[in-house]
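These protein sequence lines map, in sequence, to chains A and B. Basically this note's numbering = 1-based index in the first sequence + 4. Basically this note's numbering = 1-based index in the second sequence + 74.
Hints are computed from structural coordinates only; laboratory data are not their basis. We put the CB at the ideal spot given by N, CA and C, even for glycine. Just so you know, not all the hints are guaranteed correct.
Have a look at the derived ranges for each label pair, beta carbon to beta carbon [stated by the list, open to error]:
#1 B/105 with A/75: 42 to 50 Å
#2 A/638 with B/94: 35 to 43 Å
#3 B/93 with A/435: 33 to 41 Å
#4 B/173 with A/619: 55 to 63 Å
#5 A/369 with B/89: 48 to 56 Å
#6 A/483 with B/94: 25 to 33 Å
#7 A/26 with B/94: 54 to 62 Å
#8 A/619 with B/105: 45 to 53 Å
#9 A/262 with B/94: 33 to 41 Å
#10 A/638 with B/126: 40 to 48 Å
#11 A/491 with B/195: 35 to 43 Å
Derived list of chain A stretches under chain B, where covered just means 3 residues or more per stretch with a C-beta under 8 Å from a C-beta of chain B [to be verified]:
#12 331 to 344
#13 349 to 360
#14 394 to 403
#15 429 to 443
#16 651 to 663
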Amino acid sequence: MVNERMINRVSAAIVFVAGPGQYAISAAEKAHILAEVQSGHGALAGNEPRARLNWVYSSLNATLPTFTAWQGANWPGLTEPFYRRIDDALWSGTNQKIYFFRGSEYIRVDPNNGWKADPGYPKPIAGNWPGFPANFASGIDAALWSGTTQQIYFFKGSEYIRVDPANGWSVDAGYPKQIAGNWPGFPAEFAAGVDAALWSGTTQKIYFFKNDTYIRVDPSNGWQVDAGYPKPIAGNWPGFPDSFADGVDGALWSETTQKVYFFNANRFYNDYIRVDPAAGWNVETGYPKPVGLGWDAEDKWRDPALSLLGFPAGAPGFTQLVDSVKASTGSQYGYVGFFTKMPTAWFAYANGLNSLKVVMRETGSSFLNWTSIDRVYSHETGHIFGAFDEYTSSNCTCTASHTGFFTEVNGNCQLCAVNPTACLMNNNVNVLCPFTQASIGWKAFLSGIDAGVHTFANNKLYLFSDEYYVRYTGYTMDPEYPKRIAGNWPGFPAAFAAGVDAALWSGPTQKVYFFKGSQYLRVDPAAGWAVEPGYPKPIAGNWPGFPATFAAGVDAAVWSKTTQKIYFFKGSQYVRVDPAAGWAVEAGYPKPIAGNWPGFGASYAAGVDAAVWGDPNTKMYFFKATGYIRVDPNNGWNVDSGYPNQININWMPFPTAPLLRDRADERVADVREAAQQSRDTD
Amino acid sequence: MDNNSKLLVLDVAHEKPERGQRSAVADALDSVMASGATFRHSSGRLVELDVSGPQEARITQDLPGARVVPLDTDVSTLIPDLDTNELLFLEAVRIRNSAAYREEKARQTPGDSPEEQLMFTAPCIPGGEFHG
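Using the sequences provided together with the hints, build the complete structure.
This is the structure:
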């Protein structure tokens, strides 16, 4: 069952995926993690007690005997920071090696040795690149091999330096120099700094990239910028993904492959594309690829962990795991949270809305230092139950809608909401704003049914709760429900659209009546289901014989196909109305429910929330809190055996509270009621 | 431990059910729910709950051998064969209900931790907003 509502018992499997050395997770860390998870879960549950949310924990340990990080990386042997992002890269014709730069460090890669990183890297720039000024040693913007001069150029801000491999890889005297004035024809924005630089062995020209534009320099023409530049990357570098057309972090020419490589970090990791100058400078098929691993970094440890736990790899494995703990704990919903120190694309994520898996990764040395696991895990749990991200960088949109239990748009998205509010999915506060409440299924249908009606005009059954309603064909809920009353029941005044107290089908008039407080309105299915003119009207004066307490408002109403009469319920009493006799309340009413409706337990005799005729089986249903009973008019109007029952699952996913059958006294009460029942209810 | 929570210690069979089968604990949790007691966390034979006197009476009536004890009870004296899952749960409950932990949580401002600041820099669903 999909995690459609955050209600009732939820199985929370926690899998600690550990390994040797730095990947070990101590007992103290596990206890800390679970305490934090419990803290977050408790806060979620505290937001809506009516959801009856309770979490059943199953902690599982999967300790891998061996683990090699980043196995399967596309550029093997780099370290994690370089798999996240680089500043630039270059290929050196001097030694036929590739250099990646990031911050104050660099890594050297040998294309002639399986494109692996040479041992001993990363190394600091300082001390390994003689003569580097301090500001260049702390990090460069761009690096360039020039095949023309067989020299290397590094760019930082508006300055550059030149390194001569033939002279001990030292910075040439007189550097750094300003770009402006030394690179003829450079536009001002490029003279202020560049993002990446590339020498192409194919054209023997140099390309500089700045944001979404580039220029081309011809060393054989006085190092002048070619005419017509700068140009946009988009449209001039065929096949560039949008993210690369918006700008690149690095670029290099590889003599080994005679191809050009571009690097650009997405929000999570470092991607690259390969361009083949011999094939129209097109980006090759299959790119971009991660420099290291992408989201599949998780697979490298998760699948061995699942195997250790006896489950298959991938989604079938963690789905089976969740199903297993759900079944054993009798939970309605469930999901698994993997906690690990092994590499992941991102440190905290859910694998989708209404999904089954959360991954949490500690990137430092110990989970003990991560003291916001509670809120982060709650946020991810929000996704598991259908909640959207609402913060700016999530790229949320206010028109995106999603169907969990309720179909709602993401109206609290920071990018577009008029007045976005603090909320769990916005800034991790322990508050669930109305949009998130809707996303996770907390907007209505939580503590009871307000009203129900079977409309014979279309043979559908409707149940109402707060501002929402659901529709059934037979006893199967129709797709795309619940829906809001507003906009779907034409002409409903705001007070009725906010919720109704009772609903009633009238066989004689073939119309539907809705009651709210001391008023009621009438809907004509034959006229587009619209509220008829002149409504709402006061109950008093329009329903002859109504006692004052009923005229002030009713709890439930139902028309009986069997008797062709209408029953109104208010508190512990009811009245019967005969449409064939001037719609008047019959003599002798009101009467107590107790004693006149056989089999009603004490709590139902004290009052009901809703009553509805069930035409498919000609039975009558009475709702009270989270339960309901079924009455059989063809069997002495007795409550069928086995009732009360939970609304949950029988009608819809619904919070399960204790059934109001007061076990200690109900049996006694039932006997008493049976003895006192009259034939009044037919 | 200064809140009103207590620990319900169930005396039920602890054999791990066959995969896909319901455990005795699941049935016991149904009984706890039926009592009306508020409970939000449980693991194995242990349930942390807020319970009134009548609710406690009903639970212990419905679940023979069940005991409602203070949170700081040495449960190993009641259940000698606590498994690692239950031991971890107990330790987590102890941490979460400790004064130091509560004070630390009260000091924290949601959204301010380094991890949350990092979290807010990117979507936390692979591939973007909706992709699973």
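Hint check results:
{"no.": "1", "hint": "B/105 with A/75: 42 to 50 Å", "in the structure": "holds (49 Å)"}
{"no.": "2", "hint": "A/638 with B/94: 35 to 43 Å", "in the structure": "holds (40 Å)"}
{"no.": "3", "hint": "B/93 with A/435: 33 to 41 Å", "in the structure": "holds (39 Å)"}
{"no.": "4", "hint": "B/173 with A/619: 55 to 63 Å", "in the structure": "holds (60 Å)"}
{"no.": "5", "hint": "A/369 with B/89: 48 to 56 Å", "in the structure": "violated (38 Å)"}
{"no.": "6", "hint": "A/483 with B/94: 25 to 33 Å", "in the structure": "holds (29 Å)"}
{"no.": "7", "hint": "A/26 with B/94: 54 to 62 Å", "in the structure": "violated (37 Å)"}
{"no.": "8", "hint": "A/619 with B/105: 45 to 53 Å", "in the structure": "violated (36 Å)"}
{"no.": "9", "hint": "A/262 with B/94: 33 to 41 Å", "in the structure": "violated (57 Å)"}
{"no.": "10", "hint": "A/638 with B/126: 40 to 48 Å", "in the structure": "holds (42 Å)"}
{"no.": "11", "hint": "A/491 with B/195: 35 to 43 Å", "in the structure": "holds (37 Å)"}
{"no.": "12", "hint": "331 to 344", "in the structure": "holds (count 5)"}
{"no.": "13", "hint": "349 to 360", "in the structure": "holds (count 10)"}
{"no.": "14", "hint": "394 to 403", "in the structure": "holds (count 7)"}
{"no.": "15", "hint": "429 to 443", "in the structure": "holds (count 4)"}
{"no.": "16", "hint": "651 to 663", "in the structure": "holds (count 4)"}
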